[in-house]
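Protein chains: 4
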Amino acid sequence: MIVNMSEKATEQEINHVIERIREAGYQPHVTRGTERTIVAAVGSGRRHEIEALQVAPGVDNVVAIAQPFKLVSRQVKPERSVIKINGVAIGGPEVVVIAGPCSVESREQLLETAHAVKRAGASMLRGGAYKPRTSPYDFQGLGIEALKILREAKKETGLPVVTEVMSTEDIDTICEHVDMLQIGARNMQNFALLRRLAAVNKPVLLKRGPSATVKEWLLAAEYLLSGGNHQVVLCERGIKTFETEMRNTMDLAAIALARDLSHLPVIADPSHGTGKQSLIAAVSRAAVAVGADGLIIEVHPCPERALSDGPQSLDFAGFAKVMQALAEPLRRTAGQATEVWAAS
Amino acid sequence: MIVNMSEKATEQEINHVIERIREAGYQPHVTRGTERTIVAAVGSGRRHEIEALQVAPGVDNVVAIAQPFKLVSRQVKPERSVIKINGVAIGGPEVVVIAGPCSVESREQLLETAHAVKRAGASMLRGGAYKPRTSPYDFQGLGIEALKILREAKKETGLPVVTEVMSTEDIDTICEHVDMLQIGARNMQNFALLRRLAAVNKPVLLKRGPSATVKEWLLAAEYLLSGGNHQVVLCERGIKTFETEMRNTMDLAAIALARDLSHLPVIADPSHGTGKQSLIAAVSRAAVAVGADGLIIEVHPCPERALSDGPQSLDFAGFAKVMQALAEPLRRTAGQATEVWAAS
Amino acid sequence: MIVNMSEKATEQEINHVIERIREAGYQPHVTRGTERTIVAAVGSGRRHEIEALQVAPGVDNVVAIAQPFKLVSRQVKPERSVIKINGVAIGGPEVVVIAGPCSVESREQLLETAHAVKRAGASMLRGGAYKPRTSPYDFQGLGIEALKILREAKKETGLPVVTEVMSTEDIDTICEHVDMLQIGARNMQNFALLRRLAAVNKPVLLKRGPSATVKEWLLAAEYLLSGGNHQVVLCERGIKTFETEMRNTMDLAAIALARDLSHLPVIADPSHGTGKQSLIAAVSRAAVAVGADGLIIEVHPCPERALSDGPQSLDFAGFAKVMQALAEPLRRTAGQATEVWAAS
Amino acid sequence: MIVNMSEKATEQEINHVIERIREAGYQPHVTRGTERTIVAAVGSGRRHEIEALQVAPGVDNVVAIAQPFKLVSRQVKPERSVIKINGVAIGGPEVVVIAGPCSVESREQLLETAHAVKRAGASMLRGGAYKPRTSPYDFQGLGIEALKILREAKKETGLPVVTEVMSTEDIDTICEHVDMLQIGARNMQNFALLRRLAAVNKPVLLKRGPSATVKEWLLAAEYLLSGGNHQVVLCERGIKTFETEMRNTMDLAAIALARDLSHLPVIADPSHGTGKQSLIAAVSRAAVAVGADGLIIEVHPCPERALSDGPQSLDFAGFAKVMQALAEPLRRTAGQATEVWAAS
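Chains as they are written, first to last, in our numbering: chain A, 1 to 344; chain B, 1 to 344; chain C, 1 to 344; chain D, 1 to 344.
Calculated from the structure, these hints are not laboratory results. Positions of the beta carbon are idealized from the N, C-alpha and C atoms, including for glycine. There's no promise every hint is true.
[To be verified] Going by beta-carbon spacing under 7 angstroms, a handful of chain C positions derived as facing chain B:
| # | residue |
| --- | --- |
| 1 | V95 |
| 2 | E245 |
| 3 | T249 |
| 4 | M250 |
| 5 | A253 |
| 6 | A282 |
| 7 | R285 |
| 8 | V288 |
| 9 | A289 |
| 10 | L330 |
[Unchecked claim] With a straight-line cut-off of 25 angstroms between C-alpha atoms, the simulated SDA-like cross-links for lysine to any residue are:
| # | chain 1 | residue 1 | chain 2 | residue 2 |
| --- | --- | --- | --- | --- |
| 11 | B | K148 | A | R195 |
| 12 | C | K84 | C | K154 |
| 13 | B | K215 | D | P57 |
| 14 | C | K8 | A | Q67 |
| 15 | D | K77 | B | E35 |
| 16 | D | K70 | B | A9 |
| 17 | B | K77 | D | P57 |
| 18 | C | K8 | A | R74 |
| 19 | C | K215 | D | F139 |
| 20 | C | K70 | B | E245 |
| 21 | D | K8 | B | S44 |
| 22 | A | K70 | B | T134 |
| 23 | D | K215 | B | E7 |
| 24 | B | K215 | D | I65 |
| 25 | C | K70 | D | F139 |
| 26 | A | K202 | A | D170 |
| 27 | D | K77 | D | V200 |
| 28 | C | K321 | C | P301 |
| 29 | C | K321 | B | E94 |
| 30 | A | K215 | B | S135 |
| 31 | D | K215 | A | R247 |
| 32 | A | K321 | A | P160 |
| 33 | C | K8 | A | V76 |
| 34 | B | K8 | D | G43 |
| 35 | C | K202 | D | E169 |
| 36 | A | K215 | B | D138 |
| 37 | C | K77 | A | A9 |
| 38 | A | K321 | D | D260 |
Okay, chain A solo, but in the shape it has when bound:
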């Protein structure tokens, strides 16, 4: 931490800062410039006490030097983590594709979809039982009934299942039925939920909040690891910007950055990231190219009849095309039509 004194800071003010740095458990180290003095806090002490010096008299601002996360950092653990979910390994050499409907709407809908995505090459099944919906008047999920259907689909297809948990009260029930718990984007900083999931022996899929910085996202993961749960997969699902033609702005570079800063696997959600059926293939390819360890994609037997997220859901044929697109080479060559990836 560096405390940057203002140009007009008095000796007394500088000394006050030096003392406070000592009190906080750090060693002060003073650099006197021609215009101003800076005081570094060296060693390890109580960080917030240095941060609060921002309002001490004569202080211009306080700058943090080191990253605030620890256990998720590659500085602490340079080798990449691989998270295993009933035989599926996320973070290993294979790109893992998770697919399924936004919401579980019925037994038929889910089973049909589970078989279809498996046929097309998906390794895991997704399906919402408890749905976070912006409006209280929208479909809120089938709850426990959906969990049972998910378990049946798993039995039939062998695909491990991930579903979102919205409340600490549902954790036990959900754990009985599925293989991986998802923390949704809006709950990324639901610290009560994070703390409880830190104590659960199940892998967690942690979505990035729509306005979370990469640093905040990694600190949310730090809640899980520091609480004892190291089975964490990160998921970039788009951030909120001024752009209105797409539901969110997919921050693909953040996938590379998160993998650079952390050893945790990172997957991409092009369905929420774009909100547009027509962009899923192109963005899925890009996510894999940027280094994503996997993809999570919404698929529905008939998107225009979906109870939620229809506009961004693929039908079975559309999903099969995306899977094919992932097998194509990176560079388009002379023979290929150029429009291929810019939607259909």
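Let chain A serve as the given structure and place chains B, C and D on it in line with the hints.
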């Protein structure tokens, strides 16, 4: 809802949309333009079924006409709501000022602060017992001990108390100790929490999420009202933008807009909205001028020693100055120094 | 400037940084922590050479300590600047209101408006001759004909006139006709234009870019002052965020911040800042309360027939009401209806 | 265009809107719902007159149905455009890589770089002569001297050259020396510049503004096409968001979207898009995978000595690695280390 067909839509595609609108419970109304056809869904039916038509063949996009919220709307209830909290009325003619520390740190700290803010003119006391912190290594609040101290402060000063609730599991305990429950910005779309607080007989202070649109904020309030709790006060506390000199961007116009769209009272939080001690006075004045029904301001006996939010907390003298600033006339006149409100 | 070495930096890498700091004209000052080393560049040298060290081996990142602007800074000139435009003083004790149509559309339209805004209390007249329009198919302004009409309006009413300059080629002509030149938001970083206006002996109204930080805005002003033109007035007109109910997000706190960092006067543009007629009164009041030195407001005889910016333009009666609102006291008291400022 | 009347609109207000739609050259088409009435403006008339009805009495809002751009649209020209620059075709089957330094700093620097990027496989050379710099105290480019050096480099290597034009006054000189003119991000809505470049017989590289929507970007291109210059290449270079770990947020999905909406080629600038050397390889791969027609990458003989953009410039070895990365297959397979693309 309006379904906008693409220029190349076939008769068959148009007919499909017309049928689906009927199935969804609406009456279709077709307008054929020179270039394209639009189909309006008239009446009231299942909204999401029209939204999902966005991916039906031949459809360009679907446009919502009416606002999605109901009970919070001024169209439903034109007269303004006044929320009463143990004798304090938010939404009435008085601008209500809530003040206190970010976190309750000790009995002494809170009692001293409670007396100081009361002396300066505050009508309610704030103080965090359960703290949402970006990092798991930061101070997480004193929990139930803090609740007891808050109750004592209320007894001593007579100031009603508001504190944040982070988890459904804490609701009962918190309700025993305080007068108003706050839903923090990061929990604005914690729908499990919203649903549970909808069933509680206590007023709720609902902060706007850092990346929530005004519409999403009002829909979060709709969860509370539609669940039975009409005692809701909205709070604008700054949104996340590209600006880095301030912690957030205070969206003051949103206060006027929210009061225009909804009958619920709206207060402002200039402490989180700016993150800067030096801007609190100016922004508090602006919030009142724009129509805010109240303010919530962080005050600490010694901000540079605060366990959280020090840089944006006022000391007692600073808070007293803010209260004075609220009594000054709107326009600066000839005799006044011009720098007065641009920080001290 | 502080160069923050990575934890794994070798002695050789640290020595390389030390040498480069010397080469760049600074004195290096080394602080060795328990985990990492930081090297401060003390004195004044070639800043960019330190910035570029970010990619030197063993360097984690480079942090700037001092603000990059000079002449606009209150550290250089603590007393506030007052800009005089033909008898009108911006930055003095009076709040200056500039009003007029978005575009000059005809002689009648402008003269009628000029008289109306003068009657209501405006001190200056605005009117666009050259219009920056998002679409090439929109009305692009009357050009030189508009300039002549503006000059006539000034003669008739005595109100000094401000108009936007979009191209260096128009500067001479515009200077002959008006009293103040506006740099529009989209041209805030049109450095060719800034450099040419730095050499002109006319006051300049510099709008903040829709995605410019306060720092970038002040650096744009620095182009003008460092080139010799000290007659600069800043104007906050809203920034682009995710919110869609308003045209822009009015960053009112930035007015207080800019006045804190710089001695230049700062005015507010609630018309562009909100894009909504119904919010102008409330936001104008807030701007004055936050410390703005003036306001610039769009007024049109018949907004629904305006060739540009109709939705955010006030008619004459609406503008008169805004002027009244500015004279009301800050706090609403018991007798007042509470809805007054949240639109009409 | 659809005019959406408020629920309380009177017959008189509805009739007024109907008349105004007729006056504006459209045919009105009325749909009466159970709660409200909407009036569609059918045919083609004066668009802005309908937009301005937003403030007519009884009107809730006005919704545009069709996209506002024409000549750039794939609805007007479904086949993709290929732009030829002295033998290099952008928009064809080959991914075109443009490389070179941010600024031309000296003859040696540029020639050395030109040869190096050619060796590694680049097809065009970039180099700034006139630099848009946030601060007036930063290096502003060598101007005409740089243009001569660029011409020499082209002669030596055969690589066509692109450079940025910042002012209408420089256009003629620049046209004599280079093959393609770049409109920088900050000038995307410099309409004076756009109008002048519309009349020039040279291809134009149009960067997306840091806060421009895709729609605004395409409308900026529409200025060029509607003015007669159809040789336009679009370039996504990152947008401004709340994220601070990267210089900008690379909006890769916007490349797919722009190629979906428009027939113009779209390239990517990962250097500005990320601001981080370590992310260029990964993001370049992703850009190609998402469908980009090319890349523009900053390369410098010694980034830590660059006069501008050092932190995001690659050295020769780094650039060669990026070119190799583009030749690798899309999916990582078992044998490959997983960290490969998440920086080096």
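Open item on the list: Output the indices of the hints that this structure fails to meet, ascending.
Closed with: Every hint satisfied by this model.
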